[in-house]
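Input sequences plus hints: build the corresponding full structure.
Protein chains: 2
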Amino acid sequence: MYEKVLDLLEERNFKAIRELFRDMNEADVAALLQRFYDDGDIEGHQHIVLFRLLNKDVAADVFAYMDSDMQKLLIESFTDNELREVIDDLYVDDTVDIIEEMPANVVSRILRSADAATRSEINQLLKYPKDSAGSVMTTEYVYLKKDYTAREALEAIRHIGVVKETVYTLYVTESRVLIGVLSLLDLITADEEDKIEDIMQTNIISVNTLEDREIVASQMAKYDFAAMPVVDNDNRLVGIITYDDAMDVLQEETTEDFSKMAAVAPSDESYFKTSVFAHAKNRIMWLLVLMLSATLTGAIVNKYQAAFAAVPVLVSFLSMLSGTGGNCGSQTSTLVIRGMALGEKQMRDFFKVLFKELRVAIVCGVILSVVNAGRIILVYRNNKTVDCYKLAFTVSGAILLTVVLSKLIAAMLPMIAKKLRLDPAIMAAPLITTIVDTCSTLMFFALATVVFGL
Amino acid sequence: MYEKVLDLLEERNFKAIRELFRDMNEADVAALLQRFYDDGDIEGHQHIVLFRLLNKDVAADVFAYMDSDMQKLLIESFTDNELREVIDDLYVDDTVDIIEEMPANVVSRILRSADAATRSEINQLLKYPKDSAGSVMTTEYVYLKKDYTAREALEAIRHIGVVKETVYTLYVTESRVLIGVLSLLDLITADEEDKIEDIMQTNIISVNTLEDREIVASQMAKYDFAAMPVVDNDNRLVGIITYDDAMDVLQEETTEDFSKMAAVAPSDESYFKTSVFAHAKNRIMWLLVLMLSATLTGAIVNKYQAAFAAVPVLVSFLSMLSGTGGNCGSQTSTLVIRGMALGEKQMRDFFKVLFKELRVAIVCGVILSVVNAGRIILVYRNNKTVDCYKLAFTVSGAILLTVVLSKLIAAMLPMIAKKLRLDPAIMAAPLITTIVDTCSTLMFFALATVVFGL
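Those sequence lines, one after another, are chains A and B.
Taking the numbering used here, the leading residue of the first sequence gets 1252, the next gets one more, and so forth.
Taking the numbering used here, the leading residue of the second sequence gets 1252, the next gets one more, and so forth.
One or more hints might be untrue.
A pair counts as met if it fits within one copy or between any two copies, since identical chains are not told apart.
Derived BS3-like pairs (lysine-lysine); straight-line CA-CA distance at most 30 angstroms [as the list claims (entries may be wrong)]:
| id | residue 1 | residue 2 |
| --- | --- | --- |
| 1 | LYS1635 | LYS1554 |
| 2 | LYS1381 | LYS1446 |
| 3 | LYS1641 | LYS1554 |
| 4 | LYS1473 | LYS1323 |
| 5 | LYS1607 | LYS1524 |
| 6 | LYS1323 | LYS1532 |
Honestly, the hints are just simulated from the structure, not real lab data.
Have a look at this one:
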């Protein structure tokens, strides 16, 4: 497609491009323009030329799908009139998302282009804290009065529906307080003269503007809602969150968890847009902390120099031991962190999880110990410098202890973090590996000292 | 809520419970019954009593939200009539999900209870491969003929709409081939006498029944679709996938990725429902493989016994070195794996990613090396047994090499896995840590041998 459009551009065959665009989905057009921006001849402003070829009624939709760098460039190339048209056609929540990424001069141009009502809505939405329900909601929903008839309501939707983000869930308000919900299907299957208050459902699930957006998105997934009403402290309806935004929230929050669990500071920018130094900055902090913490393990090793001077082969098991501890820990912490994110594991399950992990650890630990003891006896049975049974006992004993300890620590830390209102995701593999490393090294040498009588 | 219902149950105040249930969302009722099943007095069959108190028109919805153990128990307690009523009210795709979890005797009872048409749909859906679009789609959608008028179409929806999973996207077919889509909003804002073929959109995005369900769900997220049409090889419409099922697919696939990245074999069962031995079985394979691979590192250490016999303090840096390598690797592999899952990184970006990681690695590696060299010189400057500058040079040099190597390996392996049609998620922290460990140990001792002239 890229090559095709490039050829048409060179032939200046704009009509053909226009027709191509007409048959494409808006998200795909945006992706294509994005590729012209990323790889193409930016100086030639091909992406701007292409954007201007779009049909007016889809231009705003395409614009909403682009990334912020390209949006900024386009806004700078817009005339005031063009900007006004795009802003008019955008949903208010999308405009707010765009504004949040723009420098001040572009923001003020956008605000100047919006009409007074839209401007006040934008300003309202900008006030909600980051990651709150208010910050992802849209103010464009359909609300009805309870004494409308079904026919009147349908009439109202016909008039206002097309500019609202969703018309499939309808809200009934009385002095702005949310008193009922109904679906468009309820409405069209109702008798024409039925009153709204007789069709609407009154057991309403709604969220507060300040609720965490991740919790709202999980609730929507739980209830299979296409839209969730957002109310203020006085139960007045102020907006709705639609399923597509909820999906995005879930994806973003998961990506954030992945980053944190890999000891990377999460970033809103995409991988390629982030500079090398910004990437390094996001990663170096944890690397430094963990590297310096690991020197504790080094200090323990130094303390036992006499032990491995006497039995040098001991040293060769350190890496296997700490690797196994780290792997066991990351298995458990990942399952616990993900389970908490999905709401499957609650704080009240603390001891249940601990007990389960203890038993799993014993099963895994025994198997690993036995395999390891077998391997050591096989390899070292004719070795004159070391007693293979003592060695097998020391290493296998240390493995069993390490597995149990690492699984227990890895199960506890994420839940304790949650209790302390920290994000459980930081208690993941890297941190737990470092902690377990120190403990397993200490246990190993302590055990060796006793077994070999050093 | 649980305590309240428990009290009401003991007072045998069924009327009050019924009223309570009437005001609750179906998902919440299911969660409540689930708690009675998990914690409550199962012998007394309280959860069955409670289920029978539900209003007939919500019973099937509540049933669909429960977990399979409880569904099985309820089915066993149902009369044939009760079972038929529930199956009648369930959406076909939910019935299929339930059937997939049931033992053979329950399955045949369910199939017997379904009417002939439903039974044939169920059998059809059961044939699609696991994880395919066909396996998650529903066959309950509204399709229209192109020569309907808007009024006729609305009339049709009024009649059949309530039993369809979604009526908000409507499909136009001709001899079962999908030729157009329109939204319910398009329909109600159209003129009553407009022909469907004049309102419908003809640039249709659809997926094949055999397409991977994860790819379909990501596409729905990308296009913000509430429903995606699923077609067979002849472009005949056979079903649709709705946004709520797409959300579930995304959540499940992400959980699977988390598991694989933590070296745990993914499981369909929830954490608590999985037995201790099943948990151990899911984890032990990778632990064994990684443990035995780590003995390679041990062999390298053994080969250099002379080196650390001469400079024993060298051993104390092994753990820090391998920890840092592991952490750097897991940062990179996590970002790459997640980026590929979200479609941000493509195979064509292979060298772009590699070059970026190389530069990030050099920045991080230099910082870590310098900090580390400073610390070593500070600690060992008055140490008579070792030359602190040589030591600092060896350790810092090994760190720099390890960081660069680990980030490059961690960037390459997931992308190579993808190329080989393996799941990139298996190329995550545990495996990469083990590989990097071996390399970093070898580099460290090789460097030490040269620097200290051993």
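- Query: Checked against the structure, which of the hints given earlier come out wrong?
  - Reply: Violated: hint 2 alone.
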